[in-house]
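There are 2 protein chains.
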Amino acid sequence: MIKTAGSVTAAKGFYAASCAAGIKYKNRTDMAMIYSDEPCEVAGTFTTNMVKAAPVLWDREVVYSGKKVQAVIVNSGIANAATGKEGLDICRQTADIAGAELGIDPDAVLIGSTGVIGMQIPIDRIKDGVVQLAKKKAATLEAGTEASKAIMTTDTVNKETAYQIELPAADGDGSVTVTIGGMSKGSGMIHPNMCTMLGYITTDAAIDKSLLQKATSEIVKDTFNMISVDGDTSTNDTLLVMANGKAGNACIAEEGAAYNTFFAALKQICEDLAIKMASDGEGATKLVTSKVLHMDTKENARILARSVIHSSLVKAMIFGKDANCGRVLCALGYAGPEFDPNTVTVTLKGEEKDVIFCENGVVLPFDEELALELLSKDAVTLVSDMHMGEEEATAWGCDLTYDYVKINGDYRT
Amino acid sequence: MIKTAGSVTAAKGFYAASCAAGIKYKNRTDMAMIYSDEPCEVAGTFTTNMVKAAPVLWDREVVYSGKKVQAVIVNSGIANAATGKEGLDICRQTADIAGAELGIDPDAVLIGSTGVIGMQIPIDRIKDGVVQLAKKKAATLEAGTEASKAIMTTDTVNKETAYQIELPAADGDGSVTVTIGGMSKGSGMIHPNMCTMLGYITTDAAIDKSLLQKATSEIVKDTFNMISVDGDTSTNDTLLVMANGKAGNACIAEEGAAYNTFFAALKQICEDLAIKMASDGEGATKLVTSKVLHMDTKENARILARSVIHSSLVKAMIFGKDANCGRVLCALGYAGPEFDPNTVTVTLKGEEKDVIFCENGVVLPFDEELALELLSKDAVTLVSDMHMGEEEATAWGCDLTYDYVKINGDYRT
Chain A
1 MIKTAGSVTA AKGFYAASCA AGIKYKNRTD MAMIYSDEPC EVAGTFTTNM
51 VKAAPVLWDR EVVYSGKKVQ AVIVNSGIAN AATGKEGLDI CRQTADIAGA
101 ELGIDPDAVL IGSTGVIGMQ IPIDRIKDGV VQLAKKKAAT LEAGTEASKA
151 IMTTDTVNKE TAYQIELPAA DGDGSVTVTI GGMSKGSGMI HPNMCTMLGY
201 ITTDAAIDKS LLQKATSEIV KDTFNMISVD GDTSTNDTLL VMANGKAGNA
251 CIAEEGAAYN TFFAALKQIC EDLAIKMASD GEGATKLVTS KVLHMDTKEN
301 ARILARSVIH SSLVKAMIFG KDANCGRVLC ALGYAGPEFD PNTVTVTLKG
351 EEKDVIFCEN GVVLPFDEEL ALELLSKDAV TLVSDMHMGE EEATAWGCDL
401 TYDYVKINGD YRT
Chain B
1001 MIKTAGSVTA AKGFYAASCA AGIKYKNRTD MAMIYSDEPC EVAGTFTTNM
1051 VKAAPVLWDR EVVYSGKKVQ AVIVNSGIAN AATGKEGLDI CRQTADIAGA
1101 ELGIDPDAVL IGSTGVIGMQ IPIDRIKDGV VQLAKKKAAT LEAGTEASKA
1151 IMTTDTVNKE TAYQIELPAA DGDGSVTVTI GGMSKGSGMI HPNMCTMLGY
1201 ITTDAAIDKS LLQKATSEIV KDTFNMISVD GDTSTNDTLL VMANGKAGNA
1251 CIAEEGAAYN TFFAALKQIC EDLAIKMASD GEGATKLVTS KVLHMDTKEN
1301 ARILARSVIH SSLVKAMIFG KDANCGRVLC ALGYAGPEFD PNTVTVTLKG
1351 EEKDVIFCEN GVVLPFDEEL ALELLSKDAV TLVSDMHMGE EEATAWGCDL
1401 TYDYVKINGD YRT
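So the sequences go chain by chain: A and B. Sequential numbering of the first sequence, starting at 1, is according to this note's numbering. Sequential numbering of the second sequence, starting at 1001, is according to this note's numbering.
Bear in mind the hints are in silico, worked out from the structure with no lab data behind them. Keep in mind it's a predicted model, so treat the numbers as computed, not measured. Idealized CB from N, CA, C, for every residue including glycine. Heads up, some of the hints might be wrong.
Here are some of the chain B residues that sit facing chain A, going by a computed Cβ distance under 7 Å [said to hold, decoys possible]:
(1) 1049
(2) 1050
(3) 1311
(4) 1320
(5) 1409
BS3-like mimics (lysine-lysine), calculated; alpha carbons at most 27 Å apart, straight line [stated by the list, open to error]:
(6) B:1003 x B:1246
(7) B:1349 x A:406
(8) A:26 x B:1321
(9) A:321 x A:349
(10) B:1406 x A:406
(11) B:1127 x B:1085
(12) B:1406 x A:349
(13) B:1024 x A:321
(14) A:321 x B:1406
Same shape as in the complex, but just chain A (with noise of 0.2 Å):
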């Protein structure tokens, strides 16, 4: 697996656009289009919140009718949340009028948006959007990295990243490259159950449908769900892998090597874009990575994990630098799963040397000068050792700051 540059454009036979569909933005680009020139499989993964916005009633759909797909239409601003049927009447008139922009069928056409829950999108502006992005639409880096801006809302940063892989080409004659990118938006109402706010993945690979969901749907466990920004599950949660199966290769429709080289690769695009997404929440001037190591069960371990960067105490005292690490305790007590608190481990990891905040149980005096200044770094580390078995798992958040509250007491308007 490499890196590589861009995101939902990096894959053969991927196209992207953006515009300023003056939603309710000023200024900016606020839609955006991934368009693929052949059908695609697609897998999603969507909020489990009962309140669930119209784009993912109408994904929904079109994911689990098993039908290909071929384009997204995405807007930031405002989203169609909470909007009854003339939400999902503005869906349907959006994939109407792309279908007929693209000269593809309407239900290969899904659809994203995010921002203010309960107002209704003014649904000449994205007819008039969908027109402009289906004119301007390109195959090229530039493009994909200017969808993921236009998806943004409080993003601070646009959020890509792309990885190829090697796998065994379709005519049995050697190896063919594969590409995956992949572009997401935070940054707040993220604590993700299923998927993460908007994320979208496209790839170049040959893959049967239910082998592409079913590395999607155990994937997100271990990455979009184990991020955390405020502990508000949002009513949007929408992540799409859409595959095209333009590399060549030899159709994955079986587990083995070529899946788990391809489920290796899609699994770190899904840890970077929410590693991304984590340390560009609301405010956030830190990432912070919590490890629990050495749990009964592995989901016992992404509960832990989750509480420690789940918790305002946590997420306030690394804001303050303060090691009040008691605290990193008391998140892991009240998670829900049953350990011994007399076996505990915390530690701030560093580079070097490493602060060790309690072992079995009690908090011990600890050099507070390298407390300080691993505190003070971008990137804070908390190492959780529960001694009890051989499970791990981790979590990323962000510290609690002015800012996220300055952010969020006047979002609307």
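Starting from the known structure of chain A, fit chain B onto it as the hints suggest.
Coordinates of chain B only, in the frame set by chain A:
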């Protein structure tokens, strides 16, 4: 039931004292004692955090032993959590010295601590403090008020309440006045599970221990367990209710009219203290009340009501007076219980006129001026009508402010 003055010394036979023992804070009181001149039945509920502070382990043993108790010693500044065997030994020594000074069995002494996790309490200062407390104890209302101040940490106001009820007299001759009074402290790491941070309630009622425990356990579900400041369930949560029987009422030995009267008063005390804790949450400028109406089960109603006041995004929007009502719907949606999003009505309550944010799951245009006016008040009430059944629940929280981040970014130092 009538409201009366005072707190833990309002009931007959109860004494209180406070002193500045210099445990960690300077220039303020930081130790409190409650003492009853008669042995008391005691009920208690404690944190469900796997990491339990030493005084929680101590109190659980005393309460579960079935023995009567006569005193509580509380310190603020250091929580005596994550302190291992040394921490438990400090409880033992504290009980020993209190028993000796008060002339009672050390096992009749309950202990409470609140403050920083992971520091050892200087036992010599505790011992000096206990000697002072035993000398100073008084049955005045003022002594109770001073005790409620000594247990504060980041609280900005002390929390006390008391009520009186009439119950049948023990001698069968009419009724007697029974008093119940309590004090508690918040105000961070507040997301009680089974009980709140520290709460102490005293009554001169005569009541069986098992009924006292039954009432206490039931009441916390709708009072202390329904508040949240930051979602962090503390290692030290403790609620103790002590009944010394000095009012002269016929001992409440079964459920019935007298039990119901006592239950209602105890519930009112717990609700008063819980609301005081929520409105004095760290950095809070407002009390936020979340009512859920017409839900299918009581527990589901509680979960939904809590989810709204627990959401960082709802809390930040209330601080910013931004009527971003989709966040309320979102918080209901990820709480867990199933519901039909198309039947939900969310209302911002006004004294004369309400603002209907959303009806049948769709956000409607609303009177922005009135919404701003209602969001500018010291208390904000959000009502979510699920239209699914007959159960309801209320939860209390506060807004998320710059000061919360400030307080918790630099608490230890």
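(request) Quickly compare the C-alpha distance for residue 1406 (chain B) and residue 406 (chain A) to 27 Å and report which way the hint goes. (result) holds (13 Å)
(request) Could you check if residue 1050 (chain B) really has its C-beta closer than 7 Å to a C-beta on chain A? (result) Holds: closest Cβ of chain A sits about 4 Å from residue 1050 (chain B), inside 7 Å.
(message) Just to be careful, I want the Cα atoms of residue 1349 (chain B) and residue 406 (chain A) compared with a cutoff of 27 Å; is the pair within it?
(response) This hinted pair holds, its Cα atoms lying about 25 Å apart.
(request) Classify the hint on residue 1320 (chain B) as holds or violated, based on whether any CB of chain A lies nearer than 7 Å to its CB. (result) holds (2 Å)
(message) With the threshold set at 27 Å, check whether the alpha-carbon distance from residue 1406 (chain B) to residue 349 (chain A) stays at or below it.
(response) Given pair residue 1406 (chain B), residue 349 (chain A) holds - Cα atoms ~25 Å apart, limit 27 Å.
(request) Would you mind confirming whether the straight-line C-alpha gap from residue 321 (chain A) to residue 1406 (chain B) stays at or under 27 Å? (result) holds (12 Å)
(request) Closer than 7 Å between Cβ atoms is the bar; does residue 1409 (chain B) clear it against chain A? Give me holds or violated. (result) holds (2 Å)
(message) Just to be careful: measuring from the Cβ of residue 1311 (chain B) to every Cβ in chain A, is the smallest value less than 7 Å?
(response) holds (6 Å)
(request) Quickly compare the C-alpha distance for residue 1024 (chain B) and residue 321 (chain A) to 27 Å and report which way the hint goes. (result) holds (21 Å)
(message) Tell me if the straight-line CA distance from residue 1127 (chain B) to residue 1085 (chain B) falls inside 27 Å.
(response) Cα-Cα ~18 Å, so holds.
(request) Quickly compare the C-alpha distance for residue 26 (chain A) and residue 1321 (chain B) to 27 Å and report which way the hint goes. (result) Holds: residue 26 (chain A) and residue 1321 (chain B) sit about 23 Å apart, inside 27 Å.
(message) Quick check on residue 1049 (chain B) please, does its C-beta sit within 7 Å of some C-beta on chain A?
(response) holds (4 Å)
The structure shown violates none of the earlier numbered hints.
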